[in-house]
Each structure stands twice: as C-alpha cells, then as structure tokens.
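Participant: Sequence:
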Amino acid sequence: MIYYKEIFPLLFKRCKEKAAYILKLQDKSEFELRSKLKSAYYPDEVIDKTIAWTLENRYINDERYAAFIAMSGSDKRSKKELYIRMKQKGIAEDIILKAIDDACIDEEKTVREILKKKHYDRTCDDIKIKSKMISYLTAKGFSFETVKKCIQEDS
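The letter at position 96 of the sequence shown is residue 96 when you use full-length UniProt numbering, and the numbering goes up by one with no holes.
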C-alpha cells in the first residue's frame, strides 16, 4: 500500500521527466522509449502509465515518426533498408508500409544518384567494376532488376 500511495506518484513524475528529456532532442518510437525507460530501471506499471501519458499528449506518435524516417531516408536508402530500419525501432508493419508508400520513393532515381556519387564510369566495360557496383547496391537493399536496369541505361 505504501508503494501506491507514496512511491508510485514520485516514480511516475520522475519517469515523465525522463521521457520528456529523452524526447526533447529527437522523436522516438513507443518501443524505443519503453526500452530506454526500462534501462533506467523504472517499474513496468510506471512505464506503462508514462507511455500512456506520452501518447495522450502526442509526445510520441509512431505514424509521424515512420513518415519522418521514410521522408528523410528516401533519397539515399532503398525501401527494404527503410523497412528494416523502422522494424528495428519497433514500429508496426502496417504503419511502416503506409509510411513507405506515402513517401513515394523512386528507387531508380536513388540508384542513379548513388552511381553518380560513386563516380561510376558509364563507358567502362570492366565486368569486375560492374559486378562490384551491383553487389554494393543489392547489399543496400535495391532489387537486382532495378540496379541492372539503371546500369544498362547508363552504359
């Protein structure tokens, strides 16, 4: 009884302050905030109440955060890489797919920009250089068909 009457309100207040401090500089997903509060050794009941408070006051919003990640990474990352990045942050799959669709990511344009940035020589017929570039771009999450199309267009 002492816990709920005296200690719980104090822990809740401190946990809210910690959440505000964490969210002050950068948005976080609900999963990230929960794990940061757990690493600060707050009890689960306090964390649940704090998460509810942040959701109620719109301090965290996974849809907004996913849209931000998709928009900020659309010019240099593949859809697959963005998907994996958001999944690691604990964002739900339906929210991720909606954010990626709303971002209207043009992967061919992104591949062309990366080829330009990497100083890919269009006239070069060296198979080794082409295969290195294809390997690099497919490892970044771009589909083989998209990469091959962009390299053949530029050749």
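Honestly, the hints are just simulated from the structure, not real lab data.
Just so you know, not all the hints are guaranteed correct.
[To be verified] Straight-line Cα separation of at most 30 Å, DSSO-like style, residue types lysine-lysine; simulated pairs:
1) 98 <-> 130
2) 109 <-> 98
3) 13 <-> 24
4) 18 <-> 36
5) 130 <-> 117
6) 76 <-> 49
7) 76 <-> 24
[Claimed, not checked] Label-pair ranges, simulated between beta-carbon atoms:
8) 145 <-> 117: 20 to 28 Å
9) 139 <-> 109: 51 to 59 Å
10) 108 <-> 44: 30 to 38 Å
11) 44 <-> 104: 52 to 60 Å
12) 18 <-> 93: 40 to 48 Å
13) 80 <-> 117: 15 to 23 Å
14) 104 <-> 17: 33 to 41 Å
15) 126 <-> 38: 23 to 31 Å
16) 80 <-> 7: 44 to 52 Å
17) 21 <-> 124: 20 to 28 Å
18) 76 <-> 132: 45 to 53 Å
19) 26 <-> 112: 27 to 35 Å
Please read all numbers here as calculations on a predicted model, not as lab measurements.
By construction, the Cβ of each residue, glycine as well, lies at the ideal position given by its N, Cα and C atoms.
Participant: Any of the earlier hints contradicted here, and which numbers?
Facilitator: 1, 6, 9, 10, 11, 12, 15, 17 and 18
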